[in-house]
Amino acid sequence: MTALDTTFLPTARERRAHGVQAVVRTGFLAITLLLLVPVLGILAVLVIEGAPAMTPSFFLDKPQKLGAAGGIWPALVGTVWMTGVALVVALPLGVAAAIYLSEYARDTWLTRLINLAIVNLAGVPSIVHALFGVGAFVHFLHFGESILAAGCTLAVMTLPVVIVATRESLQAVPRSFRDACWSMGATRWQTIRHIVLPNSISGILTGLILVVCRAVGETAPIMFTGAVFLRLVPPETVFDRSMALSFHLYTVSTQVTNVPRAIPFAVALTLILVVLSMNAIAIAFRMKLRGRKKW
Amino acid sequence: MTTSTTAPALLSVRGLSIRYDDKVALQGVDLDVHSHEIFGIIGPANSGKTSFLRALNRMDEFMPHMRVDGQITFAGRDVRTVRNLYALRSHIGVVFPLPVGLPLSIFDNVALAPRLRGERNKTEIAATVERCLRRAALWDEVKDRLHSLGSLLSGGQQQRLTIARALSQEPELLLLDEFSIAVDPVTTMRIEEVLKELRQELTIVLVTNLVQQARRLANRTAFFLGGRCVEIAATEELFGGGAKDPRTTDYLEGRFG
Chain A
1 MTALDTTFLP
11 TARERRAHGV
21 QAVVRTGFLA
31 ITLLLLVPVL
41 GILAVLVIEG
51 APAMTPSFFL
61 DKPQKLGAAG
71 GIWPALVGTV
81 WMTGVALVVA
91 LPLGVAAAIY
101 LSEYARDTWL
111 TRLINLAIVN
121 LAGVPSIVHA
131 LFGVGAFVHF
141 LHFGESILAA
151 GCTLAVMTLP
161 VVIVATRESL
171 QAVPRSFRDA
181 CWSMGATRWQ
191 TIRHIVLPNS
201 ISGILTGLIL
211 VVCRAVGETA
221 PIMFTGAVFL
231 RLVPPETVFD
241 RSMALSFHLY
251 TVSTQVTNVP
261 RAIPFAVALT
271 LILVVLSMNA
281 IAIAFRMKLR
291 GRKKW
Chain B
1 MTTSTTAPAL
11 LSVRGLSIRY
21 DDKVALQGVD
31 LDVHSHEIFG
41 IIGPANSGKT
51 SFLRALNRMD
61 EFMPHMRVDG
71 QITFAGRDVR
81 TVRNLYALRS
91 HIGVVFPLPV
101 GLPLSIFDNV
111 ALAPRLRGER
121 NKTEIAATVE
131 RCLRRAALWD
141 EVKDRLHSLG
151 SLLSGGQQQR
161 LTIARALSQE
171 PELLLLDEFS
181 IAVDPVTTMR
191 IEEVLKELRQ
201 ELTIVLVTNL
211 VQQARRLANR
221 TAFFLGGRCV
231 EIAATEELFG
241 GGAKDPRTTD
251 YLEGRFG
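Here the protein sequences come in this chain order: A and B. One point on numbering: in the numbering used here, the residue at position 195 of the first sequence is 195, and numbering is uninterrupted. One point on numbering: in the numbering used here, the residue at position 56 of the second sequence is 56, and numbering is uninterrupted.
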């Protein structure tokens, strides 16, 4: 054998490296697949147990016998309303704050304090947000127990995540674009308006929708601020109280007696379908806005 | 009425020092740039060339750690007393080492500056776009696809787009920072031809790491080394063996750097 023939033969060292690499790859793949088990398991159980109860009338009828029979229409509508209010409140506030932090704020003790506050706010338990909502929205701002108060509470709860997600979308726009724009004499707002926002808007909006939709499933923040055990008519204004899917799930699973086994599962499945369909909207939105690669 | 024998300098720098926190990037630079000349700045890496350009259009405002001392006078105004920095910057075009095609269409890249100025007339904007793209020697290559993305052009095309964008500001002063780093030699030559013509209309400060580029283009050339301006002389004189400082000669002959 000439020297050239042996060039591509693995040495003992290389063979060992390849072995380690194969083990690591397989191991990490196994862990990733393992993560699918709970997701698929939850879905499977919900579908198997809940599907018999999922008839059109289940969605469109009002509940009977405290939820032990009949449908979930008022709760479904209430959840959509609360989510809508949360989105409308969280979107402008979160985006404005994120733009300030990402594009205007200098690195001072104040911005560091704000960032620290945001991170800590994200860690506050939802029941604490609920109490804050009762104090701030229900009583202080006189919203009463209403969809408005519940939606605002959800918005406050999701704001920190909204801000962080938006700031990351903004930061993903390369600094060189800003430099080029500033050096032309553009103001910071002109730069944001013409360059930064158009190129981060899809990320911002999808991030927002995903984050706020997570609020759909929250029970604690709404149970003292606007969700009710039973209200047979769907809400008409944001000042009405309303049933909500997550709270309804809680009551039919633990508070009401003689509930057919399928009903809580069907409610849970509906809740998941609502979240999934909103995620689907977000993804479709993203694909439409993104369209093509910009740089 | 008295007339001075030499035209007043468009840009005049006195005792300019630049620091980033504790690191000194430039110290004690004095120089004048006259109207309608190409002023070359050569020097090895870390000699303070880029920092110098940044100070000229007050980009230090965007760099929290950058500190500028000394006096810079542009068109008779001390740039540190200029309140309307946006106007100052719009009079000074900048081309960075790496091309920056903004993620807008080719047309919008060049139309941005006129639009920021408040120009609304569409024919006027279209005329400006065509004029600037022609002057940047890019028009013929892109005239049929003005509405495709500028950020997806090739490197050399993007750099000419960047130059067209700078020209669309209708600047009095054009700062070029090693513009040919990401550009092929043929395109570089084409851009150099453009710059020679532009001298009729505006003033250019050309920072370059290619000694020969300064020789080809600059009327006068400054040699920066380690944050100091070693020497300024007419380019012919500097390259014709007339360099006074031995370090300049060494650099020109490629003995270090």
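Be aware that a few hints might be false.
[As the list claims (entries may be wrong)] Cβ-Cβ distance ranges computed for the label pairs, FRET-style:
| hint | chain 1 | residue 1 | chain 2 | residue 2 | range |
| --- | --- | --- | --- | --- | --- |
| 1 | B | 118 | A | 84 | 18 to 26 Å |
| 2 | A | 288 | B | 8 | 54 to 62 Å |
| 3 | B | 182 | A | 198 | 50 to 58 Å |
| 4 | B | 86 | A | 18 | 24 to 32 Å |
| 5 | B | 21 | A | 29 | 42 to 50 Å |
| 6 | A | 126 | B | 23 | 23 to 31 Å |
| 7 | B | 143 | A | 104 | 36 to 44 Å |
| 8 | A | 119 | B | 21 | 25 to 33 Å |
| 9 | B | 65 | A | 84 | 57 to 65 Å |
| 10 | A | 15 | B | 24 | 36 to 44 Å |
| 11 | B | 44 | A | 187 | 44 to 52 Å |
Calculated directly from the structure, the hints in this document are not laboratory data. Backbone N, C-alpha and C define an ideal beta-carbon position, used for all residues, glycine too.
Hint numbers not upheld by this structure, sorted from lowest to highest: 1, 3, 4, 6, 9, 10, 11
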